[in-house]
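Okay, here's what each chain looks like letter by letter:
2 protein chains.
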Amino acid sequence: MKAFACIAAAATLLALAAPASAQFAKPEDAIKYRQSALSVMGTHFGRLGAMANGRVPFDAKVAADNGEIVAAMAKLPWAGFGAGTDKGGNTKAKPEIWTEQAKFKEHSDKLQVETTKLAAASKTGSLDSLKTAFAATADTCKACHDAFRNK
Amino acid sequence: MKAFACIAAAATLLALAAPASAQFAKPEDAIKYRQSALSVMGTHFGRLGAMANGRVPFDAKVAADNGEIVAAMAKLPWAGFGAGTDKGGNTKAKPEIWTEQAKFKEHSDKLQVETTKLAAASKTGSLDSLKTAFAATADTCKACHDAFRNK
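If you're matching them up, the sequences are chains H and B in order.
Our numbering numbers the first residue of the first sequence as 2 and each following residue consecutively.
Our numbering numbers the first residue of the second sequence as 2 and each following residue consecutively.
Just chain H, with the same shape it has in the complex (with noise of 0.2 Å):
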């Protein structure tokens, strides 16, 4: 637990030390931060998707070292969708991240909330556990992307 929480303490003080715009000198490295960031959390999600969908064994050790990496990774993005990062590389972000930002914070802080319990599940050695928890952190992922990542 304290892994993550610290990076999520880490993060959050980050993001209220400037500007998330300021933190990156051109757009394109703000979308790819962000972009390289979920990359990275999708991958151990991955993992864990797996290891609930019975596509491979459950293991406990590996299924509790890749929810903290996932709910450690969940911080990161959001500090790369700062203003005027909507256009500038390759991206798939809606406009509506930056013309409801109220909502999409929400779905940012929900992610945050879902990974920390999958984190916590991750690390019970319960397969059930994780499946439920996998799922709501999924439905959560899908939820965010329906609504703010064109396809």
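Don't take every hint at face value.
Since copy identity is lost for identical chains, a pair holds within one copy or between any two.
Simulated pairs of lysine-lysine, DSSO-like, Cα-Cα distance not exceeding 27 Å [stated by the list, open to error]:
1) K88 x K62
2) K124 x K111
3) K143 x K124
4) K95 x K124
5) K62 x K27
6) K95 x K111
7) K118 x K106
8) K111 x K132
9) K27 x K132
10) K88 x K132
11) K62 x K93
12) K118 x K88
13) K62 x K106
14) K27 x K152
15) K152 x K124
16) K104 x K124
17) K93 x K124
18) K152 x K62
19) K27 x K93
20) K152 x K95
21) K88 x K124
22) K132 x K95
23) K62 x K111
24) K62 x K95
None of these hints come from the bench; they were simulated from the model.
For clarity, every value in this text was computed on a predicted model and none was experimentally measured.
Assemble the complex: chain H is given as a structure, and chain B must be docked to it using the hints.
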């Protein structure tokens, strides 16, 4: 310290859990993963560099937070360099990564040592400590890039 120590342990265990190549369905996936992890690391490392080099004012909290993330991210990319991932995407990786694996591992291990020191230094509140650790880490990046990354 706990955050990155934990993620380090998690990453090590993941690396031991299966051959690296088995963790990715396709070489492209491994290449994207390692590039993404290195990119996120580079972003946060760059924030430390901006302070170490005087481009932005030193902020102890921002330093500590970024150091933590750099050290955590430094554990991740190596699983993406498994057998068969020398080709398959847009990669600058030299063949020597796979023909001189022990030497490559020395470099990746060294980066993890140096970023652990960097994270510690970034928490001291001392710009001089940050500068020293940043320079040592940057040297480590460069040595590995010179040996194992095409221009």
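Hints, one by one, checked against the model:
Taking the shortest alpha-carbon separations for K88 and K62, neither the intra-copy value of 40 Å nor the inter-copy value of 30 Å comes in at or below 27 Å. Proximity of K124 and K111 under a CA criterion of 27 Å is satisfied intra-copy only: 20 Å inside one chain copy versus 30 Å between copies. In this assembly of identical chains, the alpha carbons of K143 and K124 lie at most 27 Å apart only when taken from the same copy (24 Å versus 37 Å across copies). Proximity of K95 and K124 under a CA criterion of 27 Å is satisfied in neither setting, with 35 Å inside one chain copy and 38 Å between copies.
In this assembly of identical chains, the alpha carbons of K62 and K27 lie at most 27 Å apart only when taken from different copies (24 Å versus 40 Å within one copy). Only within a single protomer do K95 and K111 lie at most 27 Å apart by alpha-carbon distance; the minimum there is 19 Å, versus 41 Å between protomers. Taking the shortest alpha-carbon separations for K118 and K106, only the intra-copy value of 18 Å comes in at or below 27 Å, while the best inter-copy value is 34 Å. Proximity of K111 and K132 under a CA criterion of 27 Å is satisfied intra-copy only: 18 Å inside one chain copy versus 37 Å between copies.
Only between protomers do K27 and K132 lie at most 27 Å apart by alpha-carbon distance; the minimum there is 25 Å, versus 40 Å within a single protomer. Proximity of K88 and K132 under a CA criterion of 27 Å is satisfied in neither setting, with 37 Å inside one chain copy and 35 Å between copies. In this homomeric assembly, K62 and K93 never come within 27 Å of each other (Cα to Cα): the closest approach is 34 Å inside a single copy and 33 Å across copies. Taking the closest pair of Cα atoms, K118 and K88 never come within 27 Å of each other, the shortest separation being 33 Å inside a single copy and 37 Å across copies.
When the C-alpha separation of K62 and K106 is checked against a cutoff of 27 Å, the pair qualifies only between copies, where the shortest distance is 24 Å, while the shortest distance within a copy is 32 Å. In this assembly of identical chains, the alpha carbons of K27 and K152 lie at most 27 Å apart whether taken from the same copy (24 Å) or from different copies (22 Å). In this assembly of identical chains, K152 and K124 lie within 27 Å of each other by CA distance neither inside one copy nor across copies; the values are 34 Å within and 42 Å between. In this assembly of identical chains, the alpha carbons of K104 and K124 never lie at most 27 Å apart, being 31 Å within a copy and 35 Å across copies at closest.
In this assembly of identical chains, K93 and K124 lie within 27 Å of each other by CA distance neither inside one copy nor across copies; the values are 33 Å within and 37 Å between. When the C-alpha separation of K152 and K62 is checked against a cutoff of 27 Å, the pair qualifies neither within a copy, at 35 Å, nor between copies, at 38 Å. Proximity of K27 and K93 under a CA criterion of 27 Å is satisfied in both settings, with 17 Å inside one chain copy and 23 Å between copies. Proximity of K152 and K95 under a CA criterion of 27 Å is satisfied intra-copy only: 10 Å inside one chain copy versus 34 Å between copies.
In the homo-oligomer, the alpha carbons of K88 and K124 never lie at most 27 Å apart, since the shortest distance is 39 Å inside one protomer and 35 Å across protomers. Taking the shortest alpha-carbon separations for K132 and K95, neither the intra-copy value of 30 Å nor the inter-copy value of 40 Å comes in at or below 27 Å. In this assembly of identical chains, K62 and K111 lie within 27 Å of each other by CA distance both inside one copy and across copies; the values are 25 Å within and 26 Å between. Taking the closest pair of Cα atoms, K62 and K95 never come within 27 Å of each other, the shortest separation being 37 Å inside a single copy and 33 Å across copies.
Consistency with the previously given hints fails for numbers 1, 4, 10, 11, 12, 15, 16, 17, 18, 21, 22 and 24, ordered from lowest to highest.
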